[in-house]
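Student: In case you want the letters, here they are:
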Amino acid sequence: MSVLSNLTAREDHHLLRRIHNRIGTGGMVAGGFMVFLIVAATLAPLISPTSPNAIDLLNVSTGSTWTHPLGTDNLGRDTLSRLLWGARPSLLGPTLVISVATIIAVPLAALAGWSGGVVDQIVSRFLDLVFAFPGILLAILAVTLYGPGLYPCSMALALSYMPWIARVTRSEILRERNKPYIKALEVQGLSGFAICVRHLIPNVSATIWSQVTISFGYALIDLAALSFLGLNILPPGADWGVMTNNENAILQGDLNQVLYPCLLIILCVTSVTYVGKRLSDENTRLLK
Amino acid sequence: MSDATSNTATANKVRRVDGPAVEVAGLRKVFRVSGGAGGRRHRDFVAVEGASFSLEQGHSLGIVGESGSGKTTIARMLVGIEKASGGTMNVAGRDRSAAAKSTSERRRRGSEMQIVFQDPYTSLDPRQSINGCINEVLKLHLTMTEPERRQRIIELLDQVGLTERQGLVLPKNLSGGQRQRVAIARALAAEPAVLVLDEAVSALDVSIQAQIINLLNDIRERTNMAYIFISHNLAVVRQVTDQTLVLKKGVVVEQGDTEKILDAPEDDYTKLLLASVPEPGWKPRRVNVD
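Which chain is which? The protein sequence lines are X and C, in order.
For the record, in the first sequence the residue sitting at position 11 is 11 according to my numbering, with numbers rising by one throughout.
Remember, my numbering sits 1000 above the position in the second sequence when you count from 1.
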């Protein structure tokens, strides 16, 4: 009974404290930063000081001023506004990539891990095949076919990230599949589909989450690189990747304008990966 | 313990069958393992060779033998986790020699025979509450309304000596013995005609073992369920079973009444098994099974 009372005592109805228990102070800071970015990106039309594309040739490459807190770029566009508007495709892109990749990867992994034998062989060889294409190369192919843009790039990256998530998930499912509780459900006569959806996949979710968060970071960097190369978001559109490609910074050493988007990319990738890692660690610990 | 179980108002239900609950003839399992003699890539390893037995409703059959003698393989073939290489199996009057082809057939077999595994720590879904676990089985096998199921869950938990509150928690909040009770309750929830207990008490400490054994005997008395009890512990086999089958390297060397086999064994291997049980004055010596 003492176990039970402990359990009741530990149950905390304060949401923030519950989150803190799970991801710690560092996780709270990282998670808070991500929430802040998402809110800022959503509210960009309301809170950005000026339009992201308003050119002001009288105020080119200013440092921080009262009207332009983060300065302006080589065309006099307000950097803060561009960062805020740029957060939208910069966060939406990786979200698209990992959502599509996970939606394809997890059922494939479950199919291979659950069925085994020939089905597993076929799925695994198919994954090997997709592995062979580097993401950036696939994105360039997609851009050649459909023109530059967030969607072709995201879908191409989703395809190339899919086997990473699928392979790790499959091996985890293979391990989990032989545990007695799954065998017991098979003996009960529960359908393979129900076992996978209700028991097998939820029990490997820690692995899936850690793969997803790591992939989010990589996808953000890849999409920024594609923007930098002029394949994803095209100027004058704003995107953190586009902003790193600033002629002034490159030719005249005005690093300020490149520093901000780079910093955001780094902080964003670090935060997501950290929260993901903490979540999956906790997930494993809580059920032990 | 016995108080908690005998107070149960509703007796456990069990599927009625005519004739023997389990009938097995010439059961055989061959595993293909890598590394054969003479440069061949595979060789055949015979795990079970021509096991035949039959078990009447309400009786209990013990399967004993040393590690690797094929006890668990027989259990796994019976419940359908392992495919039999040969022979026939008949449970509750229906043939199950071949693998189930459809989900409905698997479900029907599940309602005829259930199994409790050795390790209570891995035999429950760590994400599912005890109630959820039993509820899922009830939903699968029986047509019951939500309140009926809730009532039945409380009954089943009570039957295995767990409280209603313990049904709300996750497996990690229960001890090994309590988890094994849940595994038994889950198996009973399907109301099977036969229950296979594969080393089901071996991982538990002695006092918990005694409780579970009492519980099992209690349930069998009240429900007329048949047990197949697999164990290497001969003392436990004597308490739970009325017939015994001795396996040695996949071959049945002796079978008959438990009392007779354990008191007056005829086969040398059985004698050796009995002589291997530590007791006061016991002098272990290296023995060769062959």
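One thing to keep in mind: the hints can contain errors.
Said to hold, decoys possible - Simulated pairs of lysine-lysine, DSS-like, Cα-Cα distance not exceeding 25 Å: (1) K183/X x K1271/C; (2) K1101/C x K183/X; (3) K183/X x K1172/C; (4) K1249/C x K1271/C.
Unchecked claim - Computed spacing ranges between beta-carbons, pair by pair: (5) T42/X x P1147/C: 38 to 46 Å; (6) Y146/X x S1097/C: 54 to 62 Å; (7) L141/X x V1046/C: 51 to 59 Å; (8) V119/X x K1283/C: 39 to 47 Å; (9) V119/X x R1043/C: 22 to 30 Å; (10) V1251/C x F193/X: 36 to 44 Å; (11) R1094/C x F193/X: 20 to 28 Å.
The set of hints was computed from the structure by calculation and includes no laboratory data.
Computed from a predicted structure; not experimentally measured.
Virtual Cβ for every residue (Gly too), placed ideally from N, Cα, C.
Student: If a hint holds in the structure, say so; if it doesn't, say that too.
Tutor: Going down the list of hints, with the structure as the test:
1. K183/X x K1271/C: Distance ~35 Å between K183/X and K1271/C Cα, so the pair is violated.
2. K1101/C x K183/X: OK: K1101/C and K183/X at ~17 Å, within 25 Å.
3. K183/X x K1172/C: holds (19 Å)
4. K1249/C x K1271/C: holds (16 Å)
5. T42/X x P1147/C: 38 to 46 Å: At roughly 45 Å between Cβ atoms, P1147/C and T42/X fall inside 38 to 46 Å, so the hint holds.
6. Y146/X x S1097/C: 54 to 62 Å: Between Y146/X and S1097/C, where Cβ atoms are some 56 Å apart, the hint holds.
7. L141/X x V1046/C: 51 to 59 Å: Roughly 55 Å apart at Cβ, these two residues keep to the hinted range, so it holds.
8. V119/X x K1283/C: 39 to 47 Å: violated (55 Å)
9. V119/X x R1043/C: 22 to 30 Å: For R1043/C against V119/X, whose Cβ atoms are near 27 Å apart, the range 22 to 30 Å holds.
10. V1251/C x F193/X: 36 to 44 Å: holds (40 Å)
11. R1094/C x F193/X: 20 to 28 Å: Given about 25 Å between the Cβ atoms, the range holds.
The structure fails hints 1, 8 (numbered hints given earlier, in ascending order).
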